[in-house]
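Participant: Take each chain as given, in its own frame, and dock them per the hints.
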Amino acid sequence: MIEMHDVRKVYGNGVAALRGVTIKIEPGEFVYIVGTSGSGKSTLIKLMYREEHPTTGVVLINGINVNRVRDWKIPYLRRKIGVVFQDFKLLPKMTALENVAFAVEAVGQSRKKALQRSEELLQLVGLQERLNSFPKELSGGEQQRVAIARAIANKPAFVIADEPTGNLDPESSWDIMYLLEEINNNGTTVVMATHNREIVNTLRQRVVVIEQGLIVRDEQGGDYGYDD
Amino acid sequence: MAMMTSIWFRHLREAFFGFRRNLWLSMSAVSVVGVALFIFGLSMAISWSVYQMSKEIEVGVKVVLKTNDHSAQRQLLQQVEARPDVKSAVLIPKEDAFTKVQSAYGDRLTGALFKSADKLLERFPDFIEVFPKEATVRGINSLEKYLKELNSPLISDVKPVGGACVSELVTLSRSISIGLLLYAIALAALSAFLISNAIKLNITARHEEIEIQRLVGASNWFIRWPFLIEGTFVGFVGSIVPVPMLVFTFYIFKNFIAKYQMFSIGLKLSTLNLLVAGSVIFMGIVIGALGSIISVHRFLRK
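Residue numbers (numbering that gives the first Met the number 0), protein chains in the order written: chain A, 0 to 227; chain B, 0 to 301.
Treat the hints as calculated values from the structure; they're not laboratory data.
Just so we're clear, the structure is a prediction, and the values are computed from it rather than from any experiment.
There's no promise every hint is true.
Claimed, not checked - Okay, derived cross-link-like pairs now, BS3-like style, lysine-lysine, Cα gap no bigger than 27 Å in a straight line:
id : chain 1 : residue 1 : chain 2 : residue 2
1  : B       : Lys147    : B       : Lys132
2  : A       : Lys92     : B       : Lys199
3  : A       : Lys88     : B       : Lys199
4  : B       : Lys147    : B       : Lys158
5  : B       : Lys199    : A       : Lys72
6  : A       : Lys135    : A       : Lys92
Here chain B stands alone, though its shape is the one from the complex (with noise of 0.2 Å):
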């Protein structure tokens, strides 16, 4: 156990002489890591809170019936509450429809092409409004193909509501994500290549301890690990310094948001925050020991 914790103890200083040797190298590398995971992070928060947004907008379909039947319409709403995938099911009466159309647009409706408000509604349909459990685009499209191939004689037509505006936000949510993410991993590249660089001057100054201690015998391990430390170190740094930036950014989002009531705010913060924290920091480590690894291997593979 002594022994143990003396070779871990040798390995934790060696790492922590090389970090100090190319202190400056060291610095960018973490400060490039620090970039590139903020960029991370902000890719993250965003497909996140996207997907919690769209989650809020109501969406549906709109089904516009052809009778006035009421028993029938009632038994076709019944038919479509019975589905497993509906949340809800509501018939809105013409009338009911017209006076919310009314109350938005006032006399602009009638005039010219209607003389009286009665002349108007008599165009008006009823129709049923069909909510799914999964508010997504799948979830509306799959109720909207339920419904057009049910073929009945009761509707007139079938149309989604709300779901282009879903599709929307996730396409532009999905474009701006991948944007970041692919920057995110040319930055990350970038750092791995700076830490792979510190690393590689790290060896060439004790390339020749390192030479006799291959010659003595030394593992490949023993040889790897001061060296996979000090770039996990470097990751590790690197990817705290954003964190908090991350969490500043989502702060004054939250607020935007809220002073705009955009959204009801479904967005938590605090799971948000752990859940882009987490992945920021695991990222970071991953960068530092790829970095690493890949000078070391290049090196005891000569």
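Extracted from the complex, chain A is given alone in its bound form (with noise of 0.2 Å):
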């Protein structure tokens, strides 16, 4: 489960992000968070993979404070945690089956033991055929779901997205959001901040939406409900 409360973010040149923001987000759940450039989306995803720190309030991932976790144990925080990004941050000179093996050996697996956890990842997602090839030899969409497999490659219990169908075309973008669906499906929490209006109204999940570091609607199989 994650939970925040009363979480305020104020960055060093003095913009509030977040402005008082409690959530709780239970197991299996699917979360879109919605809202205008600038409103806090990122900001709220990057507090829960603790890639920031709250100025106040507090965050917990299945009950423990991220905040209180000495930096030490942040790794192993974080392998409870899957995160896709929309720039898909593959390494230009590693294949794809290699780039899913980098996430599994970073955890102390063995390169034989990795190599073959990620032949059945991205079989998975659809890229047997695409194992030996590198980032810029595929298309977006294929680059984004070698990130998706990468991201559950060590089993975590929450994936996070952030913005993963924004540099993608439409069927792409379908492509991606159901295979989160299938994620999802197997008990994964999945947290995804999106601008794709589409999306959102046509797969219903429950909706967030922040605007100026506020959340101001929470709605289960809610719309997109405002205009961009």
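Facilitator: Structure below.
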């Protein structure tokens, strides 16, 4: 479970990105975080995987206060969370298989086991034919599928996706959404920041709307609900 | 077990790639480490050699006696010999001392001041030479203090022998060693800085990769090991270079001393070589590890 209690975040330049956010995300939920640019979506997401610290307030991941977790324990917390980015963040000099294996190796698995697990994951996301392709040889949708395979490589309890369809054409966007839906159906909590009205209005899930650092709407099965 | 081997193999592979990626910077770091450790080794060797030499110089205390009474002299000799810190004590009659001085200076001693050798001999006292077990300045000082505090009516004066020479030798070697050591420390700091920069360049090159490692939950040590191995390797290679140079320098030094028969060579070169080589290699590894730890720590703290 992800919980935030009265979380405020003020950056060094004085910009208040979040101004008192309280939210609870239950295990197995699929949540869209929507809002205009600069509304605080990305900050909210970054607080969840402890890329940012709240200025005040409490962030709990499975009951653990992430602010109080010692630095050396952060990696163990992050193993419970898979992160997907808009720009994929794949390593250009590694093949699709190596990019995924890299994440498995990073948590201490042997090279052999990492490659074996990565092959299974790439099959799962439909890229069994592209194991040895480099990122530049893959389409945007394929690259995002590799990124998703990497995010779920260590069997996380949560997948946090920051605008995963932002750089993709509509067809690829739908492929990614079906994949995320399937991951969610298998019990993984998915939190996704998005600007894609069509997706939110079609695949109805819980919608949390942020405006100027505050949650202005939190609705189960809600729609996008505002003009960009 | 196989998993651990695989992970360590990965760390070694990454470290090797890192070293190769910044080959020139790594090589310059190796050179500076080498120079720093050569100077460090030299400073160690000088201190060690002087310590050995100082042990060979016969040092003691000369007790000038007032009396010619042989039985009183013997009694004092026995009293001094009984002390636990005294190695030996020898009674030297004035005739023996005079013969020694005369053989050294010849007729120049007599002449204008004394009409004959006999007249001069009358002015010579008997004395006891006392040698402490601890042949150091501290040993002599302690013995000198004891003899002075005896306030014996038999004693007219107490003078250290050879002590000043040892003291000067030790002071000189200490100054040289401290000077060299300070220079070596400055160079060691420079080497750690260079290694740290080579590692920093490597971290920058692998920035994206490390960011992803952190995101997927790689432990800090998993990220740190390849850099630590790389830095340690640079330090180790840097420390290997000066070892044969130092051994060669000691060899030349030993021959120089032997040629001029300055001392009887109590220097055990094999011990010296092992001691200095061991310390130099250890220091190299420490400098390398330190350089890499500084860079990685700064990066991981962000």
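Participant: Given the proposed pairing of Lys199 of chain B with Lys72 of chain A, does the C-alpha separation stay at or below 27 Å?
Facilitator: The given pair, whose Cα atoms are some 24 Å apart, holds under the 27 Å limit.
Participant: CA of Lys135 of chain A to CA of Lys92 of chain A, is that 27 Å or under?
Facilitator: holds, 9 Å
Participant: Can you confirm whether the C-alpha distance between Lys92 of chain A and Lys199 of chain B stays at or below 27 Å?
Facilitator: holds, 20 Å
Participant: Would you mind confirming whether the straight-line C-alpha gap from Lys147 of chain B to Lys132 of chain B stays at or under 27 Å?
Facilitator: Distance ~18 Å between Lys147 of chain B and Lys132 of chain B Cα, so the pair holds.
Participant: Measure nothing beyond the straight line between the CA atoms of Lys147 of chain B and Lys158 of chain B; if it is 27 Å or shorter, mark the hint as holding.
Facilitator: Satisfied, since the Cα-Cα distance of roughly 10 Å is no more than 27 Å.
Participant: Going straight from one Cα to the other, do Lys88 of chain A and Lys199 of chain B come out at no more than 27 Å?
Facilitator: holds, 22 Å
Checked against the numbered hints listed earlier, the structure breaks none of them; every hint is satisfied.
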